[in-house]
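Undergrad: For reference, the chains in residue letters:
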Amino acid sequence: MTVPLLKVENLCVNYGHIEATRGISIEVGEGEFVGVIGSNGAGKSSTMKAVAGVIKPVSGTIQFAGKPVHGLQSHEMVRRGVALVPEGRFVFADQSTEENLILGGFVQAERNGVGAIREDIDRMYQLFPRLKERRSQLAGSLSGGEQQMLVIARGLMSRPRLLMIDELSLGLAPKILDFLFPVLVELNRQGLSILLVEQIATRALAVTTRAYVMENGHVKLSGVSSQLAHDPAVMEAYLGKQH
Amino acid sequence: MKLPLLKRFGFPVLVLVLGAVLYALPHMVANSYELRVWMLLLIYALVALGLNILTGLTGLVSLGQAGIFAVGAYAVAVLSTKFGMSFFACMTVAIVLSAALGALLAYPTVRVRGVYLTVITIAFGIIVENVAIEWQSLTGGTGGISSIPNATIAGVKLDDHGYFYLLLVMFLVAFIFHYNVIKSRYGRAMRAVSQSETAARTVGINPIVIRLMSFVIAACFAGAAGGAYAYLNLYVNPDTFRFDDSVRFLLMVILGGSGTIIGPVLGAGVLTFIPEILQAFGAWQRFAYGALLALVMFGMPLGIVGTLNLWARRFDKKVNRSSRPWPCIDQDTHALLHSSAKAGDVCLSTDELSMAFGGLIANDRISESLKSGMVHSVIGPNGAGKSTFINCISGFYRPTSGGITFMGQSATGKSSHQLARMGLARTFQNTELFGDMTVLENVLVGADSRYRSGLFATLLRLPSFFADERRYEQEAIRLLQYVGLDDYAQEKARNLPFGHQRRLEIARALAMSPTLLLLDEPAAGLTHGEIEDLMKLIRNIASHQITVLLVEHHVDMIMAISDHVTVLDYGKVIASGTVQQVRNDPAVIEAYFGTGGTPGKVSNEEAV
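In order, the protein sequence lines correspond to chains P and U.
With this note's numbering as the guide, the letters of the first sequence map in order to residues 10 to 252.
With this note's numbering as the guide, the letters of the second sequence map in order to residues 2 to 609.
One thing to keep in mind: the hints can contain errors.
[To be verified] Here are the simulated lysine-lysine pairs, BS3-like style, with alpha carbons at most 25 angstroms apart:
1. P:Lys65 / U:Lys493
2. U:Lys415 / U:Lys343
3. U:Lys573 / P:Lys184
4. P:Lys65 / U:Lys318
5. U:Lys83 / U:Lys158
6. P:Lys65 / U:Lys319
7. P:Lys229 / U:Lys319
[Said to hold, decoys possible] Label pairs and their calculated CB-CB ranges:
8. U:Lys8 / P:Ala242: 49 to 55 angstroms
9. P:Val63 / U:Arg243: 30 to 36 angstroms
10. U:Thr199 / P:Asp131: 35 to 41 angstroms
11. P:Phe101 / U:Ile209: 29 to 35 angstroms
12. P:Ser83 / U:Tyr290: 35 to 41 angstroms
13. U:Ser544 / P:Asp131: 53 to 59 angstroms
Rather than coming from a laboratory, the hints here were simulated on the basis of the structure.
Just so you know, even glycine gets a beta-carbon here, dropped at the ideal spot from N, CA and C.
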């Protein structure tokens with residue numbers, strides 16, 4: 010097997026006294042769409058934050074494109090090709106939609122000049138036409154759904170090899186999700202690797218190819234998404250009885 | 002087991018040790034100059050302790066404390082020399098006058114915060130200094146006021162040793178008051194206001210009152226210190242009360258560890274003695290002073306005591322905390338959740354409520370009424386005006402037009418903390434917790450408006466203080482058990498996983514003993530299993546006659562637990578009625594449900 014794009018081994022993260030992850034190992038292959046499901050406190054967000062360099066793991070290794078990257082800071086991880094869409098969104102509220110996108114392209118602008126950013130922004134507007142309508146509006150005044158689109162687009166502006174999304178559905182109406190999930194599938198089809206943490210397990214397992222089920226800081230189960238969707242243990246805890 | 006012991010007896014032991022060491026001090030020092038330095042230390046520590054309450058707890062940075070210190074000193078100088086007033090009379094006037102100036106300084110916080118507020122405190126210091134120089138008939142101008150009589154108590158004129166012991170008593174009383182404020186509902190409220198003013202308002206804390214209180218306490222301490230300084234020096238002139246001195250007072254707090262109990266005292270000690278020690282550097286004394294300060298702050302960014310605390314915590318055992326099954330409902334739950342409302346009464350109603358932001362009409366003539374003990378849901382697409390509606394009825398926005406009635410009283414135009422005190426509790430979409438306070442403290446802040454013991458009882462630790470603390474701490478722990486978070490009680494709130502933070506926010510809201518609970522997307526970020534637990538929790542809350550207003554996107558949940566559903570689109574009510582009525586409304590399906598999920602598939606099991 011070739012070297013996976015992302016390989017996390019035995020990751021341990023603490024917050025204060027709390028052990029958030031206790032030896033988590035996951036992989037994302039080049040071009041894969043991988044999901045992570047699990048209850049609150051399972052360690053999903055902590056894993057993502059550690060990979061993105063937002064928090065420093067206590068122990069364990071993280072390899073990206075075959076190179077060890079644990080301990081690197083988040084701005085360094087963006088340069089290596091990892092973009093995180095954080096839980097609860099974080100737009101630069103007092104800047105316009107377009108300014109937020111330009112900031113997302115900071116690394117690209119350094120490498121390829123400001124002209125390259127223009128093309129990327131237009132691509133984002135094609136992907137999310139609503140953002141084009143809102144281009145000059147302050148990001149803080151956008152609705153929840155629009156902000157989520159903006160944060161995804163801002164992440165894409167760094168031309169990542171791996172896009173990590175923490176809680177896509179948080180606070181979003183069903184109609185917006187009907188729009189957002191197919192966009193992710195399309196991005197993945199174009200070659201982008203995606204790691205998705207999502208509480209609506211039905212949706213997560215429907216779009217991803219492989220998934221991990223986390224519990225209590227461990228990986229409890231992993232496998233092909235369509236099979237996990239029929240696993241009795243998963244159905245009981247995460248999918249609800251009606252399925 | 003060592004922690005509760007330390008918690009219980011740590012402070013009394015600290016006071017005793019500190020008192021004993023200082024008591025023996027006059028017999029240990031080499032000469033009267035050294036004793037004088039120690040007396041200065043006690044006086045500066047007094048200022049630093051007060052400033053710690055303002056800066057370390059409430060988060061307001063004052064660079065004008067020397068101005069208040071000056072007012073205290075001049076009050077004593079003028080009253081004792083010109084009117085021959087006694088020590089106690091002079092000190093009382095000094096403290097009262099300083100408190101009044103503290104209140105004056107607090108006034109700008111109504112509209113000015115952060116560095117802008119600090120600029121105002123600097124301006125205050127400059128004004129006081131200038132008045133001291135120019136109002137010559139009162140202050141003696143640059144020459145100052147000399148021949149202040151020694152402090153006399155009960156007819157005995159105090160010598161150096163006597164005055165040292167007087168200062169020691171003042172210092173110990175201040176140190177105990179300082180501790181009693183920090184470890185009380187006032188200390189918690191101060192930290193709450195500095196960490197999230199929004200959240201503090203939602204539990205009924207008026208931030209203006211808290212900031213006023215902090216300024217006044219800090220001013221009382223500084224004024225008393227100023228008065229004590231006049232009696233030590235027996236001479237005051239404007240040189241001792243400059244901007245430099247204000248900076249030094251602030252440095253004492255920050256260097257020692259702002260917000261800590263012993264930090265300001267340690268900071269005052271270091272900054273009083275270091276210049277003495279550094280005299281060996283001769284002309285380079287100030288260089289050495291600056292370099293030392295920079296090095297210490299770089300190595301210990303939270304101040305000496307704050308950083309030592311942090312280092313000590315590294316050795317704490319790491320634990321695997323977990324949520325307990327929730328909601329934990331037992332025979333005691335009824336005592337925990339009580340509402341005086343009668344089922345079926347109107348809890349809250351809006352009358353043609355409208356809210357416009359510039360040209361955008363976010364809420365358009367909404368007239369809805371919430372019945373007591375019901376679960377009333379508001380749904381609609383993102384941007385439909387749900388959050389605006391919640392913010393209007395909870396007092397965060399002032400509606401452009403229309404009225405709100407809550408529990409039979411007009412609530413139109415009431416501010417959020419007033420509404421909270423009337424019984425309206427709420428949570429936030431992205432959670433608003435006091436992140437640097439523990440989980441237990443967050444819930445205790447929720448109960449703040451129900452405490453009966455006031456500042457007086459708190460400072461003197463009267464029985465009513467202990468009764469309140471015991472009662473609400475027990476209740477807070479039971480509320481944490483109710484939402485399954487008791488294992489996390491001593492962790493900082495910001496270390497909790499997002500979904501747990503939501504539950505903590507609900508526990509904090511319930512600690513207010515509300516009649517109406519507004520939940521803004523409580524299910525966001527929860528798994529299916531957790532949502533089922535949340536539904537049980539919400540049903541149980543409503544069964545105790547606490548009305549629940551729910552804004553949520555989780556369709557199955559809304560359909561399963563709502564007694565009434567209001568659907569908003571573009572700021573207007575497009576449907577309002579029972580689940581059955583709303584579910585089949587074509588306008589609702591078109592605007593909200595989209596193609597993905599029609600809400601018909603609610604199983605019987607779930608609807609129970």
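Undergrad: Each hint needs a verdict: does it hold in this structure or not?
TA: Against the structure, the hints come out as follows:
Simply put, P:Lys65 and U:Lys493 have alpha-carbon atoms about 18 angstroms apart, close enough for the 25 angstroms limit, and the pair holds. In summary, the hint linking U:Lys415 to U:Lys343 is supported, as the alpha carbons are separated by about 24 angstroms, within the 25 angstroms threshold. Restraint check for U:Lys573 and P:Lys184: the C-alpha separation of about 19 angstroms stays at or below 25 angstroms, so the hint holds. Proposed proximity of P:Lys65 and U:Lys318 is supported: the alpha carbons are some 19 angstroms apart, at most 25 angstroms.
For the given pair, U:Lys83 sits about 19 angstroms from U:Lys158 by alpha-carbon distance, which is consistent with the 25 angstroms threshold. A threshold of 25 angstroms between alpha carbons decides the hint, and for P:Lys65 with U:Lys319 the separation of about 16 angstroms falls inside it, so the pair holds. Only pairs whose Cα atoms come within 25 angstroms are accepted, and P:Lys229 paired with U:Lys319 is accepted, the gap being roughly 22 angstroms. Range check, U:Lys8 to P:Ala242: about 43 angstroms between beta-carbon atoms, so the 49 to 55 angstroms window is missed.
Distance hint check: the CB atoms of P:Val63 and U:Arg243 are about 45 angstroms apart, inconsistent with the given range 30 to 36 angstroms. A hinted range of 35 to 41 angstroms holds for the C-beta pair U:Thr199 and P:Asp131, which are about 38 angstroms apart. A hinted range of 29 to 35 angstroms holds for the C-beta pair P:Phe101 and U:Ile209, which are about 30 angstroms apart. Checked against the given bound of 35 to 41 angstroms, the beta carbons of P:Ser83 and U:Tyr290, roughly 38 angstroms apart, stay inside it.
Checked against the given bound of 53 to 59 angstroms, the beta carbons of U:Ser544 and P:Asp131, roughly 55 angstroms apart, stay inside it.
Comparing the model with each numbered hint stated earlier shows that hints 8, 9 do not hold.
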